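Residue numbers (full-length UniProt numbering), protein chains in the order written: chain F, 1 to 224; chain L, 1 to 296.
Errors might be hidden in some of the hints.
[Stated by the list, open to error] Covered, in the sense of this in silico footprint (three residues per stretch, anywhere, with C-beta under 8 Å from a C-beta of chain F), are these stretches of chain L:
#, segment
1, 19-25
2, 29-43
3, 108-122
4, 127-134
5, 235-248
[Unchecked claim] Part of the chain L face toward chain F, derived, beta carbon under 8 Å:
#, residue
6, 213
7, 215
8, 223
These are calculated hints, taken from the structure and not from any lab test. From a predicted model like this one, the values you see are computed outputs, not experimental measurements. The beta carbon of each residue, even a glycine, is placed where N, CA and C say it ideally should be.
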Amino acid sequence: MDVFSDPANRDVYITGFLWILKLTLAGGVGALVLGVVLAAMRVSPVPVLRGFGTAWVNIFRNTPLTLIIFFCYFGLFSTLGLSLVDDIDLNNFWLGVIGLSVYTAAFVCEAIRSGINTVPPGQAEAARAIGMTFFQTLTIVVLPQAGRAVIAPLGSILIALCKNSTIVGTIGLMESSNAMKDLINANGNAVIPIFLVFAGTFAVVLIPTGYAFGWLANRLAVKR
Amino acid sequence: MSTDAVLYDHPGPRAKMRNLILTIVFGVALLGLLWWIYSRFDTKGQWAGNLWEPFTQSSTWTDYILPGLVETLKAAAVAMVLSLAFGIIFAVGRLSDHWWVRIPAGAIVEFFRAVPLLLLMFFIFFGVPFLTEQPMSIFWAVVLGLTLYNGSVLAEAFRAGVHAVPKGQSEAAYAIGMRKGQVMTHVLIPQAARAMLPVIVSQLVVLVKDTALGYIISYGELIQLGVNNLSANFGNVVQAAIVAAIIYIIINSILTAFAGWLGRRTRRKGRAPRAAGAATQQATIEPGLGGGGGTL
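Can you make the complete structure from the sequences, with help from the hints?
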């Protein structure tokens with residue numbers, strides 16, 4: 001553990017995981033908002049909206065995230081000149097957030113749609129029978145029940161998002177995996193401790209998160 | 001519940017009108033978005049023929065895209081075979097009656113599920129050579145990373161599958177005098193494997209997508225050859241990325257359709273009792289439940 005007693009190395013480690021944290025939070029919010037909208041589109045009565053939702057899911061779910069992030073940088077930024085902020089690190093960060101959001105939204109959309117499928121048809125039929133519109137049926141009756149059913153899938157999506165945010169390192173952000181690579185290359189004698197610290201941080205945070213979501217899903221499940 | 005019909009009534013005159021208006025509004029917005037993308041491409045000269053032309057030449061395909069695709073599929077295939085073996089071994093290990101097998105197997109599976117694959121690949125490719133004092137083969141760095149990660153995910157899926165087999169099956173097997181190993185190999189695993197077949201094929205989609213991480217440690221797969229190297233010669237990075245994305249989408253759509261077909265086929269036969277079917281469906285929705293799983 002000598003490596004981490006050097007403050008410079010400790011800084012590399014902390015900055016790396018701060019980027020991961022920021023990417024996960026920003027990407028998670030973006031993906032959740034986008035995913036809910038897409039799921040609403042996919043179950044809506046308007047064919048154009050349904051088609052758009054389906055196309056989005058099929059395109060982004062089947063493309064590797066590496067390629068999407070790559071495209072965000074070399075396509076959106078370098079070639080098409082989409083510059084979000086002046087600071088290069090922050091710009092890469094927001095490009096990464098765009099990539100993570102559009103990719104993860106496809107999975108959020110599918111999770112919510114399968115959650116909607118767990119709500120018994122009688123619920124929506126009853127809502128329609130008392131004269132609720134599509135929007136009311138969806139937001140007042142179906143989504144609150146579906147939301148409880150999708151806690152566990154959304155939890156695994158959040159965990160996957162956190163792990164996937166390391167891929168933003170492709171476009172030069174010094175996140176944890178790039179930080180680990182640099183530390184390994186500079187300290188060839190301490191490869192295993194470095195790996196264990198970086199991988200261990202993920203494991204220590206993510207494994208309890210997974211069990212917490214499982215517990216929460218169980219507790220909030222609609223008992224039928 | 002089938003989402004198409006239950007959430008809304010058959011549209012009457014007013015609803016038809018509203019749907020029409022929504023269709024038009026959204027259609028116009030969509031066209032506006034497409035036009036914006038088009039004009040953005042146009043002002044940057046991305047529609048220029050010489051950027052798209054390489055894709056009509058056979059040399060582009062034989063020199064860049066196809067070799068990359070072959071490497072992608074090769075890594076995915078080898079990693080799939082190895083992860084299946086890894087998954088079965090560790091699933092059986094986690095189900096063992098001996099704590100000194102169960103606990104280490106569980107710890108290894110949980111650990112590799114929670115570690116980002118990229119971090120694992122960096123460690124294998126950049127770190128392991130320091131330990132062995134030999135250069136690491138880049139192909140095996142990618143395959144090993146994919147195996148450890150996807151094997152752990154599959155181990156959890158298998159375990160869920162074995163748990164989903166009704167208890168009566170193993171009780172009956174014990175009753176006719178089978179030993180533990182026999183119950184596992186003759187009764188539980190065949191039924192679990194059948195129920196988990198769609199999950200295994202879906203995991204193949206994840207595997208194909210994850211080979212793209214090989215690009216980051218410059219393994220010569222589809223993105224490395226078909227996008228990076230190709231655009232270095234023709235300056236058409238946007239076009240090359242779009243073509244590569246289409247190839248990935250086609251491959252993965254075929255695999256997804258195959259998984260869906262397998263799922264319907266296993267269900268239609270009705271071999272699995274109803275309770276088991278329900279349980280495996282649960283498992284297909286959330287194979288990452290508990291621990292740091294979660295695969296996209």
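Open item on the list: Tell me whether the statement that chain F covers the segment 127-134 of chain L is true, taking a Cβ distance below 8 Å and needing three residues at minimum.
Closed with: As far as the segment 127-134 of chain L goes, the hint holds, because 4 residues have Cβ atoms under 8 Å from chain F.
Open item on the list: Hint residue 213 (chain L) vs chain F: min CB-CB distance below 8 Å?
Closed with: 6 Å, holds
TODO: Go check the segment 19-25 of chain L versus chain F for me, would you? Three or more residues, Cβ under 8 Å, otherwise it fails.
DONE: Holds: 3 residues of the segment 19-25 of chain L have a Cβ under 8 Å from chain F.
TODO: Please count how many residues of the segment 29-43 of chain L have a CB within 8 Å of a CB from chain F and say whether that reaches 3.
DONE: Satisfied; 3 residues make the cut.
Task: Coverage assertion for the segment 108-122 of chain L with respect to chain F, Cβ distance below 8 Å, three residues required - done: Held - the segment 108-122 of chain L has 10 residues with a Cβ nearer than 8 Å to chain F, which meets the minimum of three.
Open item on the list: Does residue 215 (chain L) hold up as a contact with chain F if the rule is Cβ-Cβ below 8 Å?
Closed with: At about 6 Å, which falls below the 8 Å cut-off, the nearest Cβ of chain F leaves the hint on residue 215 (chain L) intact, so it holds.
Task: Cβ contact check, 8 Å cutoff: the segment 235-248 of chain L against chain F, three residues minimum - done: Coverage by chain F holds here, the residue count being 6 at a Cβ distance below 8 Å.
Open item on the list: Let's test the interface hint: is any C-beta of chain F closer than 8 Å to that of residue 223 (chain L)?
Closed with: 6 Å, holds
When held up to the earlier numbered hints, the structure conflicts with none and fits them all.
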